[in-house]
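For what it's worth, my numbering labels the leading residue of the sequence shown as 0, then goes sequentially.
No lab work stands behind these hints: they were computed from the structure.
Think of the CB as a built atom: it goes at the ideal place given N, C-alpha and C, for glycine as much as any other residue.
Heads up, a few of these hints could be off.
If you anchor each label on the Cβ, the simulated ranges turn out as follows [stated by the list, open to error]:
#1 G58 <-> D110: 23 to 33 Å
#2 T103 <-> E182: 22 to 32 Å
#3 E186 <-> G106: 25 to 35 Å
#4 Q124 <-> E204: 42 to 52 Å
#5 P61 <-> Q124: 17 to 27 Å
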Amino acid sequence: MSDGHQHSDRHGSTGGPDLPDPDRGTPTTRQAMWDERYAAHEHVWSATPNAEVERIVGGWPPGRALDLGAGEGRHAVWLASRGWRVTAVDFSSVGLAKGEKEATRLGHRIDWVVADARSWHPAPQVLYDLVLVSYLHLPSDVVSRTRSWLAPGGALVVVGHGLRNLTEGVGGPSDPALLHTPEQLREAAGDLAIERCEEYVRPTEHGDAIDVVLVARRPG
Numbered sequence: 000m001s002d003g004h005q006h007s008d009r010h011g012s013t014g015g016p017d018l019p020d021p022d023r024g025t026p027t028t029r030q031a032m033w034d035e036r037y038a039a040h041e042h043v044w045s046a047t048p049n050a051e052v053e054r055i056v057g058g059w060p061p062g063r064a065l066d067l068g069a070g071e072g073r074h075a076v077w078l079a080s081r082g083w084r085v086t087a088v089d090f091s092s093v094g095l096a097k098g099e100k101e102a103t104r105l106g107h108r109i110d111w112v113v114a115d116a117r118s119w120h121p122a123p124q125v126l127y128d129l130v131l132v133s134y135l136h137l138p139s140d141v142v143s144r145t146r147s148w149l150a151p152g153g154a155l156v157v158v159g160h161g162l163r164n165l166t167e168g169v170g171g172p173s174d175p176a177l178l179h180t181p182e183q184l185r186e187a188a189g190d191l192a193i194e195r196c197e198e199y200v201r202p203t204e205h206g207d208a209i210d211v212v213l214v215a216r217r218p219g
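Construct the complete structure from the given sequences, taking the supplied hints into account.
Encoded structure:
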């Protein structure tokens, strides 16, 4: 629904007269905007994983992973290349088709699911060792829902633009309801064991972005 041309990650937009903000409007309008954007570029985002996601997850042993709001599938493909069994969910069939093409080229099997992250849920009894929510900017109740999808010892990893980015950073969504503070993410983590929850500064060619990160694990 992540390194971009005006800022570096999804779901963000700088808005402006020539680029409508895809995070405003109805779900159908937003989906159409993302489909159009993905169709217009070979890669809206980098083909490689977000640096913070790679730092966090890169050394973990593989298991079953969910990439929620997978966009063009860069994290799904990267995780699969490291041995993870990946389900990638996004409401843009255009974005996922690009990820599927790349995965097929590399010989990776990924479960691609076209669905809205706000209402999708896994099949009963399916649990994940990793739920990745990378630059998927939606209200925090969406993050809260993912807690019950974790296997014992499984981790929820959230990376995205922080609320303070609106006034002190660059890029990202313009709607404060789609941005989070560390306190909001901590609350969304509920009874998970929090390993990291903080703001961090991400330098970009247009200035510093203020991002937030949550790493929280279901007790094993």
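Check your understanding: Among the hints numbered above, which are violated by the structure, and what are their numbers in rising order?
Key -> Those not satisfied are hints 2, 3.
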